[in-house]
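Trainee: Chain residues, written in single-letter form:
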Amino acid sequence: MPRKQLNIARSIEYLSILDEHGNLDKDLEPDIPAEKLLELYRAMLLGRRFDERMLDLQRQGRIGTFPPIKGQEAAQLGAVFQLRPRDWMVPAFRETAAEIWRGRSLESVILYYNGFNEGTVISAKQKDMPMAVPVATQILHAVGLGYAAKYRQTNEIVMCFFGDGATSEGDFHEALNCAAVYQTPVVFVCQNNQWAISVPLKKQTHTTTIAEKSLAYNMAGIQVDGNDVLAVFNAVGEAAQRARTGGGPTLVECVTYRIMMHTTADDPSRYRSEEEVKAWEKKDPLPRFAAYLEQKEILDAGSRQKIEAEVLEQIQTAIDAVEKEMPKLGDPRDMFNHLYAELPPYLKNQQKELTRCLENGGEVKNG
Amino acid sequence: MAKMTMVQALNLALRQEMTRDDSVVMLGEDVGPDGGVFRVTDGLFDTFGEQRVIDTPLAESAIIGMAVGMAVYGLKPVCEIQFSGFAYQNFHQLENHAARMRWRTQGRLNVPLVMRAPYGGGVRALEHHSESREAYWAHTPGLKMVIPSGPRNARALLVSAIRDPDPVIFYESKALYRALREEVPEEEETLPIGTSQLVREGGDLTLIAYGAMLQPTLEAAAELQKEGIEAAVVDLLTISPLDDTLIVQSIRQTGRAVVVHEAPRSFGPGAEIIARLMEGAFYYLEAPIERVTGYDVIIPYFSREKFYIPTVGRIIEAARSTLSQ
Ligand SMILES: Cc1ncc(C[n+]2csc(CCOP(=O)(O)OP(=O)(O)O)c2C)c(N)n1
Numbered sequence: 000m001p002r003k004q005l006n007i008a009r010s011i012e013y014l015s016i017l018d019e020h021g022n023l024d025k026d027l028e029p030d031i032p033a034e035k036l037l038e039l040y041r042a043m044l045l046g047r048r049f050d051e052r053m054l055d056l057q058r059q060g061r062i063g064t065f066p067p068i069k070g071q072e073a074a075q076l077g078a079v080f081q082l083r084p085r086d087w088m089v090p091a092f093r094e095t096a097a098e099i100w101r102g103r104s105l106e107s108v109i110l111y112y113n114g115f116n117e118g119t120v121i122s123a124k125q126k127d128m129p130m131a132v133p134v135a136t137q138i139l140h141a142v143g144l145g146y147a148a149k150y151r152q153t154n155e156i157v158m159c160f161f162g163d164g165a166t167s168e169g170d171f172h173e174a175l176n177c178a179a180v181y182q183t184p185v186v187f188v189c190q191n192n193q194w195a196i197s198v199p200l201k202k203q204t205h206t207t208t209i210a211e212k213s214l215a216y217n218m219a220g221i222q223v224d225g226n227d228v229l230a231v232f233n234a235v236g237e238a239a240q241r242a243r244t245g246g247g248p249t250l251v252e253c254v255t256y257r258i259m260m261h262t263t264a265d266d267p268s269r270y271r272s273e274e275e276v277k278a279w280e281k282k283d284p285l286p287r288f289a290a291y292l293e294q295k296e297i298l299d300a301g302s303r304q305k306i307e308a309e310v311l312e313q314i315q316t317a318i319d320a321v322e323k324e325m326p327k328l329g330d331p332r333d334m335f336n337h338l339y340a341e342l343p344p345y346l347k348n349q350q351k352e353l354t355r356c357l358e359n360g361g362e363v364k365n366g
Numbered sequence: 000m001a002k003m004t005m006v007q008a009l010n011l012a013l014r015q016e017m018t019r020d021d022s023v024v025m026l027g028e029d030v031g032p033d034g035g036v037f038r039v040t041d042g043l044f045d046t047f048g049e050q051r052v053i054d055t056p057l058a059e060s061a062i063i064g065m066a067v068g069m070a071v072y073g074l075k076p077v078c079e080i081q082f083s084g085f086a087y088q089n090f091h092q093l094e095n096h097a098a099r100m101r102w103r104t105q106g107r108l109n110v111p112l113v114m115r116a117p118y119g120g121g122v123r124a125l126e127h128h129s130e131s132r133e134a135y136w137a138h139t140p141g142l143k144m145v146i147p148s149g150p151r152n153a154r155a156l157l158v159s160a161i162r163d164p165d166p167v168i169f170y171e172s173k174a175l176y177r178a179l180r181e182e183v184p185e186e187e188e189t190l191p192i193g194t195s196q197l198v199r200e201g202g203d204l205t206l207i208a209y210g211a212m213l214q215p216t217l218e219a220a221a222e223l224q225k226e227g228i229e230a231a232v233v234d235l236l237t238i239s240p241l242d243d244t245l246i247v248q249s250i251r252q253t254g255r256a257v258v259v260h261e262a263p264r265s266f267g268p269g270a271e272i273i274a275r276l277m278e279g280a281f282y283y284l285e286a287p288i289e290r291v292t293g294y295d296v297i298i299p300y301f302s303r304e305k306f307y308i309p310t311v312g313r314i315i316e317a318a319r320s321t322l323s324q
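If you read the protein sequences in the order shown, they are chains R and H.
For the first sequence, numbering that gives the first Met the number 0 begins at 0 and goes up steadily by one.
For the second sequence, numbering that gives the first Met the number 0 begins at 0 and goes up steadily by one.
Simulated from the structure, these hints should not be mistaken for laboratory data.
Remember, predicted model here, so these are calculated numbers, not experimental data.
One or more of the hints may lead you astray.
[Claimed, not checked] Output of the computed footprint for chain R on chain H, the stretches with three or more beta carbons under 8 Å from beta carbons of chain R:
1) 78 to 91
2) 106 to 112
3) 119 to 131
4) 213 to 225
5) 290 to 297
Every residue gets a Cβ at the ideal spot worked out from N, C-alpha and C, and that includes glycine.
One chain only, chain R, in its complex shape (with noise of 0.2 Å):
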């Protein structure tokens, strides 16, 4: 039997449109109309100044541990922006920009991060999953709410994110295997910020791209300047195009960079060097998108401040507002609701249990 080549081997796209130095493929620039563009902007600078005062507040103490998101708002916005209403999304833990985009509130992401159930709730509008601090487990959901969307026809499509270091872990590959055999409509993006904690991409993983991974399971695959929002929306836009018109899976990775410290909890500075975070801050996408909006006269100096102080108002309101509403919360025997659909008899028990631990002020005989 003589050795052969067998056909086979395919090439991974890169994509870049705006780059930070501010050059554009005008070949490649999305047609997006000026308002969309302004309400693209306005979502990305309300994802940033958010995760900026959402980090004054855990140092103040006033929340807990939260992951930042500084840097990625492109990534998050880029692609969620090419969802309608009725697709779905699929957050991991860092996805604070695209969620609010889809409607979670500002005041359930502080409760959230406060230890408080209640800012788990989806509203019924919103067709999200709750974020998973499990790494890498929720990419197979969206396999299956991309399994039952094909099998109801409904033609909605799914989207997934997550980040670098969840490839590593078997239910990634687990979920684009099957994803590529049923030929799911679902768009993988993974956020690819360089870092899972102290663990750089080097060491977790040995291919060159991510976006590779998607050649060893049949799918499309692409990677894209993460910190260009453009690029992301393009990308994610032909994705989304294939997922919707029965092309099957992509995988799209977005090519960012964690600016900061992965949880308030984490020290980034035993790990990585200040001239890395240095060189990706040029990188910024916040600027590199404003400039583009400067250029195309959508913004001026005058309408950036008026957004600004638009955004800074919003994010106050939801603060006062949760704040004011938090001390009412807290009542401990809520930790039994919701755990079935119906409470059984002996978790009333208990339930009355922690009652009457309460009425004598936390002391409690067990039933």
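For this one, chain R is given, so just place chain H with the ligand on it according to the hints.
Mentor: Only chain H with the ligand this time, still in chain R's reference frame:
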């Protein structure tokens, strides 16, 4: 003797065992230059290098699955799973392989691995970071399940766990990591796995606890003493194999018992402990045995977690209740 936190004591155990025996290797997420998210492996990377302190990709199944292979080969892998709530991704490697390798090869192969993982609530952690699910492991034949209650016994038990020829699940209470300091000797100290300790004498009733619950249980005993009630306190240290001799002996003397754990109540470790007491001390019992435990709910996010975790007050109340019967 130096006064150490549990984090420092565990670090000492790892450092000394790795120095003594070059078959001991560490693997896990962020255990290298970062020193682990709780810094238990701090500095080990610098001393022992990347071949022995292995920063793995984010893959719990790979960590334990590779450790099974390493252990069969003769290495002694100590795996760190970042939080016990993420050990379900590797559950099957422990259940399907590590736990039964000896049995299914009729003694030919064994798996001397240790899986270390922080467990339990009380530190205002994120979702999935506060569960207490030791019963899953204790329910698996072939695994050992160890939970230290303080710096000194944590160090001694970890050394024993590393030297143990069987797979050991080693749960470390996050709430205890930095909460207290104890004298820990620099020279080698071990504690046999599978033995409990009487940490306080008393003739009126026996309080049984382990891990993070030992401290509130001891506080409750001290409070009860003010009322003239003498409570014996037993620290289990190992959940499986469960040492029932000491607790049976103690209950035969006191006739009354309260079991305290943070895990949910139903089918929890307390149920097994009470069954053992029924088998070994039924005719000595003077009152029903009480359980002070977490409720059978998912531990609430941190704003309400203090109402889930057993408190000194709840333990005292349960003690009074058994004494009044
Ligand atoms: C199954 C699992 N293992 C470990 C963790 C702890 N952990 C939380 S986030 C994280 C790193 C995730 O990296 P990546 O997927 O790249 O996402 P990023 O944090 O960079 O956004 C780790 C190890 C977890 N949450 N779930």
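Trainee: Closer than 8 Å, Cβ to Cβ, for at least three residues: run that test on the segment 213 to 225 of chain H against chain R and report holds or violated.
Mentor: violated (count 0)
Trainee: Using C-beta distances, would you say chain R covers the segment 290 to 297 of chain H, given that this needs three or more residues below 8 Å?
Mentor: Three-residue rule met by the segment 290 to 297 of chain H, so holds; n is 7.
Trainee: Count the residues of the segment 78 to 91 of chain H whose Cβ falls closer than 8 Å to any Cβ of chain R, and tell me whether that reaches three.
Mentor: It holds: at least three residues are needed, and the segment 78 to 91 of chain H offers 4 whose Cβ sits within less than 8 Å of chain R.
Trainee: Quick one: see if chain R covers the segment 106 to 112 of chain H, three-plus residues with Cβ-Cβ under 8 Å.
Mentor: With 0 residues closer than 8 Å to chain R, the segment 106 to 112 of chain H misses the three-residue bar; violated.
Trainee: Taking beta carbons only, do three or more residues of the segment 119 to 131 of chain H come closer than 8 Å to chain R?
Mentor: holds (count 6)
Violated hints, listed in ascending order, are 2 and 4; each of the other numbered hints is respected by the structure.
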